[in-house]
Amino acid sequence: MRQVELELKDKFMLRNFKIVGATFMTPVFSGLINQTPTGLHRRCANLRRRIGLILLLLALIVLPFIDTNQYHIDVMTTAGIYVMLALGLNVVVGFAGLLNLGYAAFFAIGAYTYALMNLYLGLPFWAGLPISAVSGALFGILLGFPTLRLRGDYLAIVTLGFGEIVRITFNNLEFTGGPNGLLGIAHPALIFPSRLNGIHFETFNFGVESSPYYYLVLGIVIVVAFILMRLDNSRLGRAWIAIREDEVAAATMGIDPIRLKLLAFVIGSAIAGVAGCVFASKQGTITPDSFDFILSVMLLSMVVLGGLGSIKGVIIGAIILSILPELLRGFAIYRMLLFGLSMILIMIFRPQGIVGSLRRKMELKPSTEKIRLEEDEVLEEDRRK
Amino acid sequence: MLWHDILIQQLINGLTLGMVYALMALGYTMVYGIINLINFAHGEIFMVGAYLAWGLFVSFASRAQGIGLLFLILAGFIIGMAGCGILGVAIERVAYRPLRNAPRLAPLITAIGLSFFLQNAIMLVYGASDKSFPSIFPHYSFTIGRTSVTGLQILIWAISIVLMLILHYFIKLSKLGKALRATSQDLKTASLMGIDVNRIISLCFLLGSTLAAAGGVMFGMYYNTINFHDGYIVGLKAFTAAVLGGIGNVPGAMFGGVVIGLVEGLGAGYISSQWKNVFAFIILVLILLFKPTGLFGEAGRVRTKG
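In order, the protein sequences belong to chains A and B.
Plus 242 on top of the position in the first sequence (first one is 1) and you've got our numbering.
Plus 10 on top of the position in the second sequence (first one is 1) and you've got our numbering.
Note that these hints are calculated values from the structure, not bench results.
Not close to chain A: a few residues of chain B, all C-beta gaps over 10 Å, as computed:
no., residue
1, Q20
2, S69
3, Q75
4, S151
5, I181
6, L183
7, D196
8, N237
Looking from chain B toward chain A, a few residues come up when the C-beta cut is under 7 Å (computed):
no., residue
9, I48
10, A105
11, L115
12, A116
13, L118
14, I119
15, T120
16, I122
17, G123
18, F126
19, F127
20, N130
21, Q284
22, L298
We put the CB at the ideal spot given by N, CA and C, even for glycine.
Chain A on its own, in the form it takes in the complex (with noise of 0.2 Å):
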């Protein structure tokens, strides 16, 4: 009791000698006293971020070598697909809020254009992968141009309404395979020079074990996060925000809404795309069933769930929701009752998601609730300083 008492005072004084040298001090050290801690801080915590990133990475990049069960891999592996797919979704709906409720059909679009191109032309993994990127792109202008001039929840039925036309277009085109599918699509190859007996080229298959794609993904995760990352912080990111949270104060800060919406669209679809191509070439299998409106739905869950917005929590929310059902497997037909039952819980008691960010967080609130919340983050900010 004692020690916490002295502690409070010795806490209460070195606070009173920090505001009084402050206010003494800061003409003459105003850099060093007001500047440099917090930049010394925010370096620190940087820092710490830097690392913690790295032994994740680490972490993930041994993990085969560890746990050499080839489910778990697989597992992890379809894992990474999804938050490949949250990213992307997340680039529409979380930066820019546009719901989008078809997401499937351009992830479909991805994995049928690798999947024809490949069967009818030919054409290896690496050459898919791009190719895949800009149909789903060009699927998104297609769909975007037209559209986005509506208002949000039309958005969400004219995209439902396309993930639907998508589908039963691929259910019923000959060249597509109907309902059966697409069947023998070529899984990735690696060609690399090599030295052994000679210099000559050697090629490796990944067939049909899963550590390859497994880093392949992860290696795409990771390109696609960083893109976002850097993405979310400059100016295009912001202007998103700005038209996200009131579109008409942002266009008249000279942001042109439209154009900027049909880029988040574009940009979301490319990823789609991308992941499309990666999972058509992993299963070497695809039927229309695999990209239905409930696929979108389980997206924007992940999305929603993990934190609109939040490149950390779409990552988060996408691994958990992927990996829940395989722990509950014995539960299986319970899943979509319980997604369904938390998506209306997490709206209604945690709007912002998992690893929601503030921001996003006043925007879910009702007006006068957004006031106190903006008020307790400029307390907050001042308590910082």
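Got chain A sorted already, so can you dock chain B onto it with the hints?
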């Protein structure tokens, strides 16, 4: 059969389906008109209504005869409509009301969550297989020229038209209907005029859900089968109908439903039944592109603020 016989036959089939869509579209349009929410769970309410009636029909169909069958059908409608009315009001209370002031994305997501929840709850209770309706309505059919109309189709038309007329006059003539219209025009002002807005919103869900349930019972009787995910696709088409008629516009929703039904009937008959689910979506996309206010909608409701 000559070409116009086929055409008339398809029109008759399409009209029957259109009546069901119209009943559903009314629920979408009323709810959207007041709280600007696409009630995604509306399709599931339709499906729950069909399941409730199915349960009743299956348990009593073998015991009822003659006039008893008519009473059974009546009871099926009443149970389905009452159950769904309660369900609709409960849904609004639990999932939408807490988010009344939140941005529109939040309630839309709870609506999707609800839709999943209801689908899977029904699947867990009744099983995933198709449930076949016992054919309790006597199979009359009237032949005019070379086209035929079944008694069931006439029953569906009659019930739909009666329900729509009741709704129309309720909204137009009753005091509550007047309050509903006022709330739909301006929620805040209506509440300042002493209208209990929460009660009106509940009323809206009650009316919409009972109509959807009636549609569900008829849908089940017409196709003789019902499945837990039927509500989703029917709901989408009904929403398309509501948008076509101009969202928030009650007569527009009725008209839109009939048009969607006819288009689907004709499309399935003349082009291909495989693509029948696509027609409604293509219409939806086209309307939203070229006339987003719908055929009878008010201007300025659909476009973004920008």
